[in-house]
Amino acid sequence: MKVNVNRAAIAGAALCLSLWACPALAYTVYISNEKGNSITVLDSETFEVLETIPVGQRPRGIILTKDGKHLLICASDDNTVQVLDVATREIVGDLPSGPDPELLNLHPSGSPVYVANEDDNLLTVIDLNTKEVLAEVIVGVEPEGVGVSPDGKTVVVTSETTNMAHFIDTETYELTDNVLVGSRPRFAEFTADGKRVWVTSEVAGVVSVIDAETRKIIKTIGFAIPGVQPEYIQPVGVRVTKDGSKVFVALGPANRVAVIDGKTLEVETYLLVGHRVWQLAFTPDEALLFTTNGNSNDVSVIDVPNLKVIKSIPVGNAPWGVTVSKD
Amino acid sequence: MFWALLLLLFVSLPGMAQTEGQGGQATPPSGEAMVVPLGYLKQEVRRLIPLSRLNVEPEDIGLAGAELALKDNNTTGLFTKQHFSLEVERVPIDGDALAALEKLVESGHRFILVDAPAEVLLRLADSAKGKDVLLFNIRATDVSLRQEDCRANVLHTAPDRAMLADALAQYLVWKKWPRWFVVKGAFPEDRAYLDALHRAAARFGGMIVEEREYAETPGARRSDTGQLQVQRQMPAFTQGAPSYDVLLVADEREVFGPYLPYRTWDPRPVAGTAGLQAMSWHPAHEQWGATQMQNRFQRFAKRFMLPLDYQAWLAVRAVGEAASRTNPADFAAMNTFIRSEDLELAAFKGQKVTFRKWDGQLRQPIIVAGPDLPVSMSPQEGFLHERTAVDTLGIDAPESKCKFQ
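One line per chain: the protein sequences are A and B, in this order. Residue 299 in our numbering is what sits at position 299 of the first sequence, and the numbering runs on without skipping anything. Each number in our numbering corresponds to the 1-based position in the second sequence with 1000 added.
Honestly, the hints are just simulated from the structure, not real lab data. Just so it is clear, CB atoms sit at the ideal spot from N, CA and C, and this is done for glycine as well. Check the hints yourself; a few may be wrong.
[To be verified] Listed below are the simulated DSBU-like cross-link pairs for lysine-lysine, each with C-alpha atoms no more than 30 Å apart in a straight line: (1) A:LYS153 / B:LYS1081; (2) A:LYS219 / A:LYS246; (3) B:LYS1081 / A:LYS216.
[Unchecked claim] A few chain B residues facing chain A, derived, Cβ under 10 Å: (4) GLU1089; (5) ILE1093; (6) GLU1211; (7) ARG1212; (8) THR1291; (9) ARG1325; (10) ARG1387.
With the rest of the complex left out, here is chain A:
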């Protein structure tokens, strides 16, 4: 289903050419709706839903290709990664992801694609250009999180039942280190300087900070929220600002995002968002952070500099993944 091109964006761009002061360009935010079998497309400035695109079954992890032209979608129940053309908003193909792909990530050069196959204890590595499967790496039980180092040399995969973060060499596909973390690790995220990996443990209710070089855990951070019983604090997604100063952790059914000081590794505050918050994504300028609230079917918008939740936007059914365009 196509929609007219966003006229506001064109007008804004035209204005930008004629005046010295340019209005903020709107980014495009993509959200996968796990039960709705769709992708919601949002304008990051007006917060309008631009379109809801029907896609494959049970879409979860999504990511934009490096050139920004395609959105890769893990259609878990279709056992494939779909490729969506961003301009036409149509599915144009798919990738041989292996069964039940949950989450995916990209080598910083843009290819290959790393896909966690939740049902089969595998990480599948696919060349984005040729669509060839380059490798299938055996990891622990129920892999989900896939973090890629900024230098492209290491991929970290979390296995939810084995409770490990596996460090994998991207050239040899060897598992060089297997770090035992808290129960049910969901997500792995490298800092922009490549020095640390943040790994969330959903059932243990903690997030581990791992030194990317020594592969040792520097700190395990727990959370305490007045009025929320500890078992409902279940960290899932995590994002770090480019300068490393602030870390945002989605806490699941605690309905809050924790804000951690990236230097002291202390929790600063908790921001109340929607129900069962799982994933997060910054706009490229890091002015805004979008969170997916799976049980309230909406997305929260956080004003990052002011640490305030400024808006909730209803999207599709059971929003899961979120990613933002680079322009």
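Following the hints, put chain B in place on chain A, whose structure we already have.
Below, chain B alone, put in the same frame as chain A:
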């Protein structure tokens, strides 16, 4: 929070190349893998044929769950250089369970799953007293095993009747169906379940408007005639009760219970041991990542996963978790870890599960289900607890009569 630091071991294994193989195959790494042997003791019992063909217990019930957990443990074991094994002893009806246990213990098995009635479990526990042996009760729902008959060397992954009744009662009260017409069987197990229902009613605001006993003795279980009789008999039997919302049936031996749904005099839902039931697991449960568990189990066992399979899976996984975070050769360390708050077993129910310190019962949310689908999961919203809502199910610490021997 500080305990989280305790449970983190750094494990570093140089250069294990693992590519291009099928997932799930686990062979022990060469040489140094530490073997962690688990035991499984099943006491066969005379079981009445269930009234529905759909509910016949598979031969490998429980065992399949244990074996799948073994596979999961052994996948982790590839990275921690541990290998888990399972030795099974099936004790025939009227066989010698104590001898079977002794055989397991003598051959070095310290962590043993037990699928047996309460009396047998107690004899096994007493015979193992003072030894480095930990038994997991995966079957018996007797509340007495968690109360006056509790044992220091027994942990329970099976929920007891109090937890099951509480889970159901909370849902019915949440649903605003608090008036219950109870139909009870004449056997001791039915009495035990009835006691649990009474307790649950008092705790959560249920109102038992009448109790009626079904006194017929079971005859031939299934025959190809007789349905017309049942069709007439059940309405007549359930006629004339005071106004009620739900018919609760306490019929653990399945003499009449499954005949009640859709045949009650008044159009009312049936719950309890038939109809809407409380259970630790349902084969169609898919919340909180359970789909993956169901997929793995069905691929492995070629059938649906049943509560006993889940209860066995939990026990084997508890040992696996402990082994990955302490030294499996150190029984005391393993025993302590399994019973501690650090266990944090992920059980596909939206929160971690741990064993209660006061009676060794695994605290867990309980599914309330119809035949095809789960309907809800207790604890229900609104039932408060000072520490953790899941302890509103079953016997809580201040009420516990358990003094570990």
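- Kindly indicate which numbered hints from before are broken by the structure, ordering the numbers from low to high. Hints 4, 5, 6, 7 contradicted; others consistent.
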